[in-house]
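There are 2 protein chains.
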Amino acid sequence: MSKPIFEKIALVGIGLIGSSLARIICREVLTGHIAVASRTAETLQRAKELKLGDDYTTDAREAARGADLIIVSVPVGACGAVAEEIQPALKNGAILTDVGSAKASVIAQMQPHVPDGVHFIPGHPLAGTEKSGPDAGFAELFENRWCIFTPLPGTDPAALEKLSEFWRRCGSKIDTMDPQHHDMTLAIVSHLPHIIAYNIVGTADDLESVTKSEVIKYSASGFRDFTRLAASDPTMWRDVCLHNKDAILEMLARFSEDLASLQRAIRWGDGEKLFDLFTRTRAVRCSVIESGQDVDLANFGRQAVGHPQVVQEQQYQVASVPIAAAATPYVS
Amino acid sequence: MSKPIFEKIALVGIGLIGSSLARIICREVLTGHIAVASRTAETLQRAKELKLGDDYTTDAREAARGADLIIVSVPVGACGAVAEEIQPALKNGAILTDVGSAKASVIAQMQPHVPDGVHFIPGHPLAGTEKSGPDAGFAELFENRWCIFTPLPGTDPAALEKLSEFWRRCGSKIDTMDPQHHDMTLAIVSHLPHIIAYNIVGTADDLESVTKSEVIKYSASGFRDFTRLAASDPTMWRDVCLHNKDAILEMLARFSEDLASLQRAIRWGDGEKLFDLFTRTRAVRCSVIESGQDVDLANFGRQAVGHPQVVQEQQYQVASVPIAAAATPYVS
Chain A
0 MSKPIFEKIA LVGIGLIGSS LARIICREVL TGHIAVASRT AETLQRAKEL
50 KLGDDYTTDA REAARGADLI IVSVPVGACG AVAEEIQPAL KNGAILTDVG
100 SAKASVIAQM QPHVPDGVHF IPGHPLAGTE KSGPDAGFAE LFENRWCIFT
150 PLPGTDPAAL EKLSEFWRRC GSKIDTMDPQ HHDMTLAIVS HLPHIIAYNI
200 VGTADDLESV TKSEVIKYSA SGFRDFTRLA ASDPTMWRDV CLHNKDAILE
250 MLARFSEDLA SLQRAIRWGD GEKLFDLFTR TRAVRCSVIE SGQDVDLANF
300 GRQAVGHPQV VQEQQYQVAS VPIAAAATPY VS
Chain B
0 MSKPIFEKIA LVGIGLIGSS LARIICREVL TGHIAVASRT AETLQRAKEL
50 KLGDDYTTDA REAARGADLI IVSVPVGACG AVAEEIQPAL KNGAILTDVG
100 SAKASVIAQM QPHVPDGVHF IPGHPLAGTE KSGPDAGFAE LFENRWCIFT
150 PLPGTDPAAL EKLSEFWRRC GSKIDTMDPQ HHDMTLAIVS HLPHIIAYNI
200 VGTADDLESV TKSEVIKYSA SGFRDFTRLA ASDPTMWRDV CLHNKDAILE
250 MLARFSEDLA SLQRAIRWGD GEKLFDLFTR TRAVRCSVIE SGQDVDLANF
300 GRQAVGHPQV VQEQQYQVAS VPIAAAATPY VS
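Residue numbers (numbering that gives the first Met the number 0), protein chains in the order written: chain A, 0 to 331; chain B, 0 to 331.
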């Protein structure tokens, strides 16, 4: 077994990401001590029941004290307040990182509070599910997923390498880019898809000509795919929208332009234009599969819900994640 | 074993739906004879290799001759031409049905060609995947899925019951409604989701600030979900757009209004509005799960692509469908 990378790791925030980190850190023995902080007493209590750390506190500063690595896994809008809060406890030589989906904003919020001698390295593991809270985490979350760093000018290469090694041992592949490019890229691959999903589910929920129960009943015709993303954590996604505003508005404008053009093709019966677009997009799916970013199974492999064989497979898979996760009530 | 319901069934069109029907009809012994028709010689040859029927022809009229049940499974825009083609061969007392996703148009196209004494019962099994062609079909496709009939005034109850029994033995649950309501309902639960998915994948494919390879590489952050629907058969979806135009334009207008309002909330930093919408949509997902319309597994159960355990599960599941389906090249 390889030896621990850090003597003490502080996990500030113990939701889906924080609790998944706790589980993989424990499994891979990446530290001698995990301090868990959550500002919500109830969440902290649950983390304790799940045995996610060595000590537990609602005081982020106490958790950060003496830590070699501090990972801030809170909604993007709360990063600045956390940095300010923990600042007095940060040890010389410590690495401070985060997992937020909007890097320019996180940097603007946190950097002013980082003392000299502390290595602040903004990070973003592209990993998650539509579930949230400490029960939703699992050790395999980062397996084969990208973790993107947006290092500031003058970042210590040794600290960056140490943090990279940590994420690699969590299962991730590492990339680095500048914060602006990160924010533009995530706006199209992640933020726009979530916003569109939230929007279409809202539109369906508001209809008067088709009842809500019909929308649910017939949702396997396509709609259900969108309900998954639209079930993601509301606080996290509110903050992403507020903190990556410019890139998101740019992508929304392009999407709406394209949609207006598509709508016009439908109105005027331009079958050739429709066929061309629908053929081009099929090739994109092909690339996603070839690059190993999705399973090549019809309907994501979850075809016949309720079919005895599939139910058996579901149980098989659920059994591979902690029992607590399988038993979580869905809406927290 | 129950006895066959029909002496001879003609399958006009042998793509995803037609070939899935062939497989389940064969497995459940629902007829003594399956006649397969496809206007494409190559598709017909493939159907023959897969042993999907008892005889094979590119002439739909020949397949329909003497059949007790004729199932037209072709793109919606081709239904009228098929009805006209097979008309002279339709036997008195035969049941003629289809599987199209736009019922008012199918009725307008087919009904004028239906001879007296033939029972025309428009139908729509809400089942499918993003794959197409005779290799993509599998016997479990209709398991626990709805099949909606939109019977015309004066439909013979005995014929309707016989067709219902057929679909129940294919695994389906039966619903009936009027064609206009069907078309409005499908516009929101199926057509709009597909159109939105096609559109966002097109938008991403056109970007110059983020490269195509980055879009693919980071697609697991949300985007990949949309690529699945956007990989659906271009001909089928072109025809759906052209043949359910009014209902689709109505839903697109509502979606765009809502998106403009959401965009405004992002621009003006209205966090409360965003949080409220994102919370409301989460409850919809909850209902979809509770009603058994989707699996309650994070990321549809396909979390860690490339993870040894998941690869094993994929192989397990692929093995449950015909080997030919697993070996199909993705883009046809």
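In short, the hints are calculated from the structure, not lab data.
Check the hints yourself; a few may be wrong.
Pairs count within a copy or across copies, as identical chains cannot be separated in the list.
What the hints assert, rightly or not - Derived PhoX-like pairs (lysine-lysine); straight-line CA-CA distance at most 25 Å:
1) K50 x K172
2) K50 x K211
3) K50 x K272
4) K90 x K244
5) K244 x K272
6) K172 x K161
7) K172 x K216
8) K244 x K172
9) K172 x K211
10) K244 x K2
11) K90 x K172
12) K47 x K161
13) K211 x K244
14) K211 x K272
15) K244 x K216
16) K211 x K161
17) K244 x K50
18) K272 x K90
19) K2 x K172
Against the structure, the hints come out as follows:
1. K50 x K172: Classified as neither; 27 Å inside a copy, 45 Å across copies.
2. K50 x K211: The answer is neither: 41 Å in one copy and 42 Å across copies each exceed 25 Å.
3. K50 x K272: neither (56 Å within a copy, 36 Å between copies)
4. K90 x K244: neither (34 Å within a copy, 64 Å between copies)
5. K244 x K272: Classified as between; 15 Å across copies, 32 Å inside a copy.
6. K172 x K161: within (14 Å within a copy, 57 Å between copies)
7. K172 x K216: Answer is between; shortest inter-copy Cα gap is 11 Å, intra-copy 40 Å.
8. K244 x K172: neither (27 Å within a copy, 45 Å between copies)
9. K172 x K211: between (42 Å within a copy, 19 Å between copies)
10. K244 x K2: neither (42 Å within a copy, 63 Å between copies)
11. K90 x K172: neither (28 Å within a copy, 64 Å between copies)
12. K47 x K161: The answer is neither: 28 Å in one copy and 60 Å across copies each exceed 25 Å.
13. K211 x K244: between (31 Å within a copy, 22 Å between copies)
14. K211 x K272: between (33 Å within a copy, 21 Å between copies)
15. K244 x K216: The answer is between: 23 Å across copies meets 25 Å, while 35 Å in one copy does not.
16. K211 x K161: Neither. Shortest intra-copy (51 Å) and inter-copy (31 Å) distances fail the 25 Å Cα cut-off.
17. K244 x K50: neither (38 Å within a copy, 56 Å between copies)
18. K272 x K90: For K272 and K90, neither the intra-copy (60 Å) nor the inter-copy (40 Å) Cα distance is at most 25 Å.
19. K2 x K172: within (20 Å within a copy, 57 Å between copies)
Violated hints, listed in ascending order, are 1, 2, 3, 4, 8, 10, 11, 12, 16, 17 and 18; each of the other numbered hints is respected by the structure.
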